[in-house]
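Colleague: Here are the chains, one letter per residue:
There are 2 protein chains.
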Amino acid sequence: MLRSVAVVLAGLLSPFFIHAQEDSVMMRKIVEDILVRGKAYENLRFICKKIGPRLSGSPGGAKAVVETARMMREMGADTVYLQECMVPKWVRTGRDTAALIMANGKGQPLKITALGNSEGTAAAGLRANVIEVKNFEELEQLKDQVKGKIVFYNYAMNPRFVRTFNAYGDAGKYRGQGASRASKYGAVGVIIRSLASNPDDFPHTGAMSYDSAYPKIPAVAISTNDADVLSNALRKRMVSQVYIKAQCGMQGEVLSHNVVGEIRGSEYPNEVITVGGHIDSWDLAEGAHDDGAGCVQSMEVIRVFKDLGIKPKRTIRAVMFQNEENGLRGGSKYADIAAKDGNKYIFALESDAGGFTPRSIGVSHEDSVKVNRMRAWAPLFENYDVKINAGGGGADIGPLRKLGTVLAGLQPDSQRYFDIHHAATDVFEAVSRRELHLGAGVMAGFIYLVDKYGN
Amino acid sequence: MLRSVAVVLAGLLSPFFIHAQEDSVMMRKIVEDILVRGKAYENLRFICKKIGPRLSGSPGGAKAVVETARMMREMGADTVYLQECMVPKWVRTGRDTAALIMANGKGQPLKITALGNSEGTAAAGLRANVIEVKNFEELEQLKDQVKGKIVFYNYAMNPRFVRTFNAYGDAGKYRGQGASRASKYGAVGVIIRSLASNPDDFPHTGAMSYDSAYPKIPAVAISTNDADVLSNALRKRMVSQVYIKAQCGMQGEVLSHNVVGEIRGSEYPNEVITVGGHIDSWDLAEGAHDDGAGCVQSMEVIRVFKDLGIKPKRTIRAVMFQNEENGLRGGSKYADIAAKDGNKYIFALESDAGGFTPRSIGVSHEDSVKVNRMRAWAPLFENYDVKINAGGGGADIGPLRKLGTVLAGLQPDSQRYFDIHHAATDVFEAVSRRELHLGAGVMAGFIYLVDKYGN
Numbered sequence: 000m001l002r003s004v005a006v007v008l009a010g011l012l013s014p015f016f017i018h019a020q021e022d023s024v025m026m027r028k029i030v031e032d033i034l035v036r037g038k039a040y041e042n043l044r045f046i047c048k049k050i051g052p053r054l055s056g057s058p059g060g061a062k063a064v065v066e067t068a069r070m071m072r073e074m075g076a077d078t079v080y081l082q083e084c085m086v087p088k089w090v091r092t093g094r095d096t097a098a099l100i101m102a103n104g105k106g107q108p109l110k111i112t113a114l115g116n117s118e119g120t121a122a123a124g125l126r127a128n129v130i131e132v133k134n135f136e137e138l139e140q141l142k143d144q145v146k147g148k149i150v151f152y153n154y155a156m157n158p159r160f161v162r163t164f165n166a167y168g169d170a171g172k173y174r175g176q177g178a179s180r181a182s183k184y185g186a187v188g189v190i191i192r193s194l195a196s197n198p199d200d201f202p203h204t205g206a207m208s209y210d211s212a213y214p215k216i217p218a219v220a221i222s223t224n225d226a227d228v229l230s231n232a233l234r235k236r237m238v239s240q241v242y243i244k245a246q247c248g249m250q251g252e253v254l255s256h257n258v259v260g261e262i263r264g265s266e267y268p269n270e271v272i273t274v275g276g277h278i279d280s281w282d283l284a285e286g287a288h289d290d291g292a293g294c295v296q297s298m299e300v301i302r303v304f305k306d307l308g309i310k311p312k313r314t315i316r317a318v319m320f321q322n323e324e325n326g327l328r329g330g331s332k333y334a335d336i337a338a339k340d341g342n343k344y345i346f347a348l349e350s351d352a353g354g355f356t357p358r359s360i361g362v363s364h365e366d367s368v369k370v371n372r373m374r375a376w377a378p379l380f381e382n383y384d385v386k387i388n389a390g391g392g393g394a395d396i397g398p399l400r401k402l403g404t405v406l407a408g409l410q411p412d413s414q415r416y417f418d419i420h421h422a423a424t425d426v427f428e429a430v431s432r433r434e435l436h437l438g439a440g441v442m443a444g445f446i447y448l449v450d451k452y453g454n
Numbered sequence: 000m001l002r003s004v005a006v007v008l009a010g011l012l013s014p015f016f017i018h019a020q021e022d023s024v025m026m027r028k029i030v031e032d033i034l035v036r037g038k039a040y041e042n043l044r045f046i047c048k049k050i051g052p053r054l055s056g057s058p059g060g061a062k063a064v065v066e067t068a069r070m071m072r073e074m075g076a077d078t079v080y081l082q083e084c085m086v087p088k089w090v091r092t093g094r095d096t097a098a099l100i101m102a103n104g105k106g107q108p109l110k111i112t113a114l115g116n117s118e119g120t121a122a123a124g125l126r127a128n129v130i131e132v133k134n135f136e137e138l139e140q141l142k143d144q145v146k147g148k149i150v151f152y153n154y155a156m157n158p159r160f161v162r163t164f165n166a167y168g169d170a171g172k173y174r175g176q177g178a179s180r181a182s183k184y185g186a187v188g189v190i191i192r193s194l195a196s197n198p199d200d201f202p203h204t205g206a207m208s209y210d211s212a213y214p215k216i217p218a219v220a221i222s223t224n225d226a227d228v229l230s231n232a233l234r235k236r237m238v239s240q241v242y243i244k245a246q247c248g249m250q251g252e253v254l255s256h257n258v259v260g261e262i263r264g265s266e267y268p269n270e271v272i273t274v275g276g277h278i279d280s281w282d283l284a285e286g287a288h289d290d291g292a293g294c295v296q297s298m299e300v301i302r303v304f305k306d307l308g309i310k311p312k313r314t315i316r317a318v319m320f321q322n323e324e325n326g327l328r329g330g331s332k333y334a335d336i337a338a339k340d341g342n343k344y345i346f347a348l349e350s351d352a353g354g355f356t357p358r359s360i361g362v363s364h365e366d367s368v369k370v371n372r373m374r375a376w377a378p379l380f381e382n383y384d385v386k387i388n389a390g391g392g393g394a395d396i397g398p399l400r401k402l403g404t405v406l407a408g409l410q411p412d413s414q415r416y417f418d419i420h421h422a423a424t425d426v427f428e429a430v431s432r433r434e435l436h437l438g439a440g441v442m443a444g445f446i447y448l449v450d451k452y453g454n
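Protein sequences, first through last, are from chains L and W.
Residue numbers for the first sequence follow numbering that gives the first Met the number 0, so the first one is 0 and each next one is one higher.
Residue numbers for the second sequence follow numbering that gives the first Met the number 0, so the first one is 0 and each next one is one higher.
The hints are simulated quantities; they were obtained by calculation from the structure and are not laboratory data.
Where is the CB? At the ideal position from N, CA and C, for every residue including glycine.
Some hints could be false.
To spell it out: a stretch of chain W is covered by chain L in this simulated footprint if at least three of its residues, at any positions, have a beta carbon under 8 Å from a beta carbon of chain L; those stretches are [stated by the list, open to error]:
#1 31-38
#2 155-164
#3 410-420
#4 425-436
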């Protein structure tokens, strides 16, 4: 609390906040234009409904590159161009199926999805005994007892975390490392409880990776409802075995692209302000909140600057990053180019936490003076019920940290995000136009201030 | 900004905030219990799906009284009782229909709903020319030119208001007074653009009232999409007339009830802390956000106190108010009884703005010292991203103001509320369990503090 008083006082004295009245009027103009005339929602409808799933390396992924480039040209970006990057090509060639084989021999279907980057089962599927563990500690106690079995990690997202990303961070290791940790002891497959904050019938996929020291065993996620079904059946000793069929796997690497739309700065064109989201999604969803929303919000910054005739001093780039979901190749490539092209990458803002009502913008830099200068803009965001926090960023812009870039992330309300994240329920209809546009509005307002006052 | 610094400093010095660490632990315990084990969501499912619409005076309304009383008994409230009140009985006896009669004689259906409290058309319906006005100023210019016609108020909720309740307040007068203002000049009916923040096909009802000086003409709301259809057709002179059939009207008054569940205070039983929502809904909706949510959140306060063994010093009452939508008879009756029963009504908190993520609790009293004492609790709510604001309350608790009660309202995120408010889309599925329970958690935490420190 005393710290927040200090930040407020710092703001009053800051040379980076000397035109409060003028800035407040401009912020209002920007936000209202987006609330009334913004294109983000209709662009999102196109991305979700006319393109649909767009995993890196897939036909949908390629189409999304072409279409978002077109959108930014139509918005009047000075330049629109692609940055080539190689991406892993993970494909799912059939429908994932699973069944509980009861002690009496009867089967009961289970709703599952293969985890991203995982290798599938043999064509005939995999049938084995199942052993449930709550966490890695239990696995480590069982050790070789899991040999020849399917390990079922039944670790739920902890509902006690008010900010759901903390629960996701806590539970994520079972999806990421669960397969190899079980394979080490001879398991033949793993089922993880979906990283979902609600009970429903939709399994949630997401990236996993293998430790090359152990056999690559199949890895699937099960819906939260069916995780409970499976767990209850195991506890009551009603289960004989589980059958899993997952047809998927890695097929090398292919060429893909980041899409960049830019307004060239009038005074300091070599000072680059980046705003972005990732254009790739998982193959089972429209990727509306993750991260179609961040893409259309970032493009909206370009649109509102052009439509309101705001001529930035610095160069503003909206970037549709490629391959955030299963490789981060786009973000890495962007930073690699940035390290060599002679420009100064002063600031980057990512929106990749859903298109929900914006609650805050979080700012990170090792120099807290830079962070506090931006936090001093907080009064300008009070009308929008948005705070400026210390700490935030995004996966795609993360690699810019080594260039000294100030990183920031849009932090929307997180309560609903993990209901739909990486699941078939992440569709356009789950997005509210007002929430999406309000988020785009505060992003554009923040970029306006960074352009005006620098970092 | 300087004012908020002052509030923070007042908090540090306040005698009403002397056990911060202890209170923080208790708040956490309360909120976590509700997030993990809360019953509000399942109670809401029952109210929406097993009872459904529950307009005051309807069979659903009567069933809701019985069932919410049962719920509070099952939660272990010390006493559960009813407060009788007479409510207006407005009924809809048939399906509301309307059609655009094109210049070529063809008809095109329009989606409408009669406004609450309005009188319907003749059994054969009403067919007349239509004249569109943007606002009352245009009506006052037209005056007698509306004679014999249907007036179409096409005033949209203003999307520029970031807080949507301000847009609702701005546009509400057309629904409330539009009929009589047009009837004064001889209009035979009115159509109002639904008070909705999104374009869709669902008309939104809501209360209207007649000025007894003028004939009571039919009054309906049209979906936002069809408002645009009608407006475009009028502009292109493609419309001949509009046909409306609405079968509804007032049928006197009937007996109904507030439902009160109470935990008796151990030290100051005559100091009453009220927490409530309204149990009535419109007849065309499940009333999930409006206001099933507020009811189940208020009951949840009773549940968590009982289940955690918290014995309040003061008397805590959860009140399911009757007839908020079209009469406020329940709230008025509650205050009438309060004025005479010898108890002190020190504080009342209402949740009637939707079951969305809580953003703040707003506190009102003519004595700003009382308000600031409660605002000083703000640091305890930071973990939940909830602020304590000056200004707030609720319609049902409003009549307690004259008794000197400190009034407060839960203020959830408002972006989606008017998409579904008073429309058939206000259903259980539109509510998020986490959002609903987080709201109940901060309400229970606030009530805990009021009980501990008084007002």
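Colleague: Evaluate each hint against the coordinates.
Modeller: Status of the hints after comparison with the structure:
| no. | hint | verdict |
| --- | --- | --- |
| 1 | 31-38 | holds (count 3) |
| 2 | 155-164 | holds (count 5) |
| 3 | 410-420 | holds (count 4) |
| 4 | 425-436 | holds (count 4) |
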